[in-house]
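Now for the letters of each chain:
There are 2 protein chains.
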Amino acid sequence: MQIGKLSREVRELAQAARAASRSLALSGASARNAALERAAGLLAERSAEIEAANARDLAAGREAGLSAAMIDRLRFDRRQMDKTAAGLREVIALPDPLGTVLAASRRPNGLELQRVRVPIGVILMIYESRPNVTMDAAGLCLKSGNAAILRGGREALETNLALGRVWAEALGAAGLPPASVGIVPTADRTALDALLEMDDVIDLVIPRGGEGLIRAVAEKSRIPTIKHYKGVCHVYVHAAADLDMARRIVVNAKVQRPGVCNAMETLLIDAAVADRFIPECFRELRAAGVELRGCERTRRIAPEVRPAGEEDWAAEYLDLILAVRVVDGVQAAVEHVNAWGSRHTESIVTADRAAAEQFLAGCDSACVFWNASTRLADGFEFGLGAEIGISTDKLHARGPMGLEELCTYKWVGRGAGQLRG
Amino acid sequence: MQIGKLSREVRELAQAARAASRSLALSGASARNAALERAAGLLAERSAEIEAANARDLAAGREAGLSAAMIDRLRFDRRQMDKTAAGLREVIALPDPLGTVLAASRRPNGLELQRVRVPIGVILMIYESRPNVTMDAAGLCLKSGNAAILRGGREALETNLALGRVWAEALGAAGLPPASVGIVPTADRTALDALLEMDDVIDLVIPRGGEGLIRAVAEKSRIPTIKHYKGVCHVYVHAAADLDMARRIVVNAKVQRPGVCNAMETLLIDAAVADRFIPECFRELRAAGVELRGCERTRRIAPEVRPAGEEDWAAEYLDLILAVRVVDGVQAAVEHVNAWGSRHTESIVTADRAAAEQFLAGCDSACVFWNASTRLADGFEFGLGAEIGISTDKLHARGPMGLEELCTYKWVGRGAGQLRG
Chain A
1 MQIGKLSREV
11 RELAQAARAA
21 SRSLALSGAS
31 ARNAALERAA
41 GLLAERSAEI
51 EAANARDLAA
61 GREAGLSAAM
71 IDRLRFDRRQ
81 MDKTAAGLRE
91 VIALPDPLGT
101 VLAASRRPNG
111 LELQRVRVPI
121 GVILMIYESR
131 PNVTMDAAGL
141 CLKSGNAAIL
151 RGGREALETN
161 LALGRVWAEA
171 LGAAGLPPAS
181 VGIVPTADRT
191 ALDALLEMDD
201 VIDLVIPRGG
211 EGLIRAVAEK
221 SRIPTIKHYK
231 GVCHVYVHAA
241 ADLDMARRIV
251 VNAKVQRPGV
261 CNAMETLLID
271 AAVADRFIPE
281 CFRELRAAGV
291 ELRGCERTRR
301 IAPEVRPAGE
311 EDWAAEYLDL
321 ILAVRVVDGV
331 QAAVEHVNAW
341 GSRHTESIVT
351 ADRAAAEQFL
361 AGCDSACVFW
371 NASTRLADGF
381 EFGLGAEIGI
391 STDKLHARGP
401 MGLEELCTYK
411 WVGRGAGQLR
421 G
Chain B
1 MQIGKLSREV
11 RELAQAARAA
21 SRSLALSGAS
31 ARNAALERAA
41 GLLAERSAEI
51 EAANARDLAA
61 GREAGLSAAM
71 IDRLRFDRRQ
81 MDKTAAGLRE
91 VIALPDPLGT
101 VLAASRRPNG
111 LELQRVRVPI
121 GVILMIYESR
131 PNVTMDAAGL
141 CLKSGNAAIL
151 RGGREALETN
161 LALGRVWAEA
171 LGAAGLPPAS
181 VGIVPTADRT
191 ALDALLEMDD
201 VIDLVIPRGG
211 EGLIRAVAEK
221 SRIPTIKHYK
231 GVCHVYVHAA
241 ADLDMARRIV
251 VNAKVQRPGV
261 CNAMETLLID
271 AAVADRFIPE
281 CFRELRAAGV
291 ELRGCERTRR
301 IAPEVRPAGE
311 EDWAAEYLDL
321 ILAVRVVDGV
331 QAAVEHVNAW
341 GSRHTESIVT
351 ADRAAAEQFL
361 AGCDSACVFW
371 NASTRLADGF
381 EFGLGAEIGI
391 STDKLHARGP
401 MGLEELCTYK
411 WVGRGAGQLR
421 G
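Protein chains in written order, with my numbering: chain A, 1 to 421; chain B, 1 to 421.
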């Protein structure tokens with residue numbers, strides 16, 4: 001395909017999504033839920049077609065030498081379809097976020113003023129291999145009245161196009177514009193670059209994937225972009241910590257699922273308890289397969305640990321590796337977090353309320369916990385009912401983003417001829 | 001000054017603002033209010049020094065051939081200082097936005113979860129000639145616990161530096177870091193470009209000024225930017241309008257202050273009432289000095305009006321000029337607004353509730369009014385108590401932005417050892 005034609009084609013797709021977003025903003029929750037229900041149903045009815053498309057992606061991926069892990073992420077089988085359909089039905093059961101009056105007042109001149117929650121409009125999702133995102137993310141966008149443009153990975157294109165046909169049929173059956181979900185029919189960078197310039201048509205970009213992808217998108221995009229660069233999360237074991245609780249939290253935060261963004265990457269231990277805490281904690285971490293890297297003071301207590309440097313304080317291992325640093329007091333812990341963290345999630349373990357509050361107030365992060373595992377920073381754990389991502393930005397949405405964070409608001413004023421005096 | 005040295009200097013200023021923002025986030029409202037009060041007091045005490053600096057800017061501006069209007073905007077005399085001090089004292093009287101618990105829940109695992117309002121951090125304000133912005137904007141940033149980096153126009157540099165000394169002294173007197181307000185000591189573009197790349201140090205950019213400035217900043221910035229490109233606001237006179245009310249609203253929206261963003265730029269008249277509405281309304285607009293430009297159907301009723309084209313539908317005149325278009329019904333009005341408007345403020349005049357609600361829901365704009373002048377889209381009119389700007393973006397803040405919109409939130413979880421299962 002020619003580059004010019006290709007850019008034109010994705011521009012038309014985006015324009016169609018913009019037009020569809022106008023209808024979606026005015027649609028009722030029942031129509032949007034009906035589309036989600038039909039899509040869930042079609043995943044079962046069309047499973048053979050979807051599996052065939054996925055098989056073509058898998059074959060091409062194997063031929064291209066994708067790793068076993070990547071092939072695994074690319075697979076979209078009956079079990080995945082059932083899980084995805086169940087997820088869509090959970091989203092259906094969530095309350096409609098739209099139309100909520102967020103604030104209301106009667107102005108002195110009699111104007112009845114409301115802030116009302118409305119959809120953002122058109123959301124461009126950029127993601128990598130997992131095809132389930134094509135269903136999950138579009139489902140959340142539709143539930144919140146937004147049109148979605150989905151740009152998945154090159155390796156999943158056939159599967160994503162098959163899932164796009166599911167969406168088109170489901171939307172049509174519910175009386176909603178099929179263009180409400182647009183699948184970018186190419187993984188060509190030129191097409192993506194064309195989309196990232198359409199700030200008059202697309203309202204929000206959400207890139208999901210590795211830090212490289214997100215930085216590249218954020219740099220190119222003229223459209224507001226919600227970013228999640230990385231999760232360098234900390235647990236700080238304070239001098240007044242219950243050391244048993246601290247050990248359980250540390251092990252859970254590191255080991256329970258090390259490959260995700262809310263797993264702990266650096267453990268900060270107060271100098272006052274380092275002697276008592278380190279030996280047993282390290283034993284348990286090692287038993288769970290964790291490789292330890294420590295500062296000089298850590299290594300005085302545990303000399304077998306390999307030395308940690310600045311690159312470790314900045315590292316998002318996403319693996320069974322843990323950096324450990326001994327610090328002197330809450331202020332030093334907060335300073336380490338603010339200097340080296342990624343503003344994602346931090347936790348202090350202590351029985352001292354004043355120390356806890358100092359830490360909670362001082363850490364400039366989306367989620368701050370007292371006596372709890374960093375792994376709890378999650379849309380479902382927070383009761384949002386869904387999660388489109390976790391923002392480490394401070395604007396618009398911070399931390400786990402659910403349906404409400406896919407919305408904006410408008411000011412609605414109802415008057416009787418009020419003028420400016 | 002060498003370019004390398006200059007970039008280094010503004011980077012240091014930004015780093016100092018970042019450090020200051022950590023203290024501000026933990027500061028009490030009384031300290032922040034004390035700084036504002038001291039700054040208001042210093043405007044009177046230091047008026048001679050400030051006027052001398054302003055006189056140097058005015059002389060240089062005259063020498064550089066600035067227009068009378070620009071010279072007027074640049075002037076910062078005793079009267080302006082008194083007004084600015086009064087404005088700061090109004091901000092002091094507003095409630096502290098920080099620490100508010102926006103939502104709270106006890107999770108099934110016992111975690112006590114809160115969303116708490118906190119400052120954004122470091123805000124870069126970019127603006128043009130008016131030196132009062134140096135006091136007003138910094139005052140709002142400080143009140144909301146944010147550090148401010150202020151980059152005013154080249155022509156106001158001496159005045160702004162004098163006002164920066166006022167801030168430094170006021171902050172010091174209140175026990176807050178003087179670096180909480182940083183004046184960029186140069187109008188060199190290289191220095192600004194260096195700042196716009198510091199996405200690890202600056203959290204938010206708010207450019208205020210002409211569309212060209214804002215587009216240039218938005219394009220360069222790697223930092224989230226809140227934009228207000230322009231205000232192409234509409235009034236739609238519906239078939240069921242009270243035509244007297246409609247005329248009063250139209251005249252107010254166009255004439256009361258034509259040079260501001262919430263003034264009406266295009267008048268949409270329903271074909272059903274065009275014959276009855278146009279003659280008297282146009283007479284009154286002309287009497288107020290308004291130049292009219294109309295579509296073909298308008299000119300059939302008022303042939304003396306000069307023809308309007310697409311450039312008029314897109315125009316932000318900011319002047320006593322009005323584009324007029326006859327449309328067929330609410331849907332056509334909404335389509336015109338969404339196609340040509342700037343998503344700022346629109347108003348429908350009608351006695352028909354259903355028509356009004358269709359317009360309010362259909363217009364994709366920050367503020368939508370029923371039977372009220374577009375001029376009412378304003379932070380003070382909305383009861384925000386202050387206004388840092390009006391956003392035509394949909395992310396983070398939409399429409400008038402007050403103190404709460406200068407804040408973000410963090411998730412605070414207090415537990416008793418909760419783990420992820």
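Hints are computed from structural coordinates only; laboratory data are not their basis. One should not assume that every hint holds.
Which copy is meant is left open, so a pair is good if it fits within one copy or across any two.
Claimed, not checked - No farther apart than 20 Å at their CA atoms in a straight line, the calculated lysine to aspartate or glutamate pairs in the DMTMM-like style are these: (1) K83 - E197; (2) K83 - E387; (3) K230 - D328; (4) K230 - D96; (5) K83 - E37; (6) K230 - E90; (7) K5 - E404; (8) K220 - D193; (9) K230 - E197.
Against the structure, the hints:
1. Taking the shortest Cα distances, K83 and E197 never come within 20 Å of each other, neither inside one copy (35 Å) nor across copies (42 Å).
2. Within a single copy, K83 and E387 get their C-alpha atoms as close as 16 Å, which meets the 20 Å cut-off; across copies the closest is 48 Å, which misses it.
3. Neither within a single protomer nor between protomers do K230 and D328 lie at most 20 Å apart by alpha-carbon distance, with minima of 26 Å and 52 Å respectively.
4. Within a single copy, K230 and D96 get their C-alpha atoms no closer than 30 Å, and across copies no closer than 32 Å, so neither meets the 20 Å cut-off.
5. For the homomeric pair K83 and E37, the shortest alpha-carbon distance inside one copy (14 Å) is at most 20 Å, but the shortest distance between copies (60 Å) is not.
6. For the identical chains of this complex, K230 and E90 are neighbours neither inside a copy (28 Å) nor across copies (41 Å), given an alpha-carbon limit of 20 Å.
7. In this assembly of identical chains, the alpha carbons of K5 and E404 never lie at most 20 Å apart, being 37 Å within a copy and 45 Å across copies at closest.
8. Taking the closest pair of Cα atoms, K220 and D193 come within 20 Å of each other both inside a single copy (7 Å) and across two copies (16 Å).
9. In this assembly of identical chains, the alpha carbons of K230 and E197 lie at most 20 Å apart only when taken from different copies (19 Å versus 25 Å within one copy).
The structure shown violates the earlier hints numbered 1, 3, 4, 6, 7.
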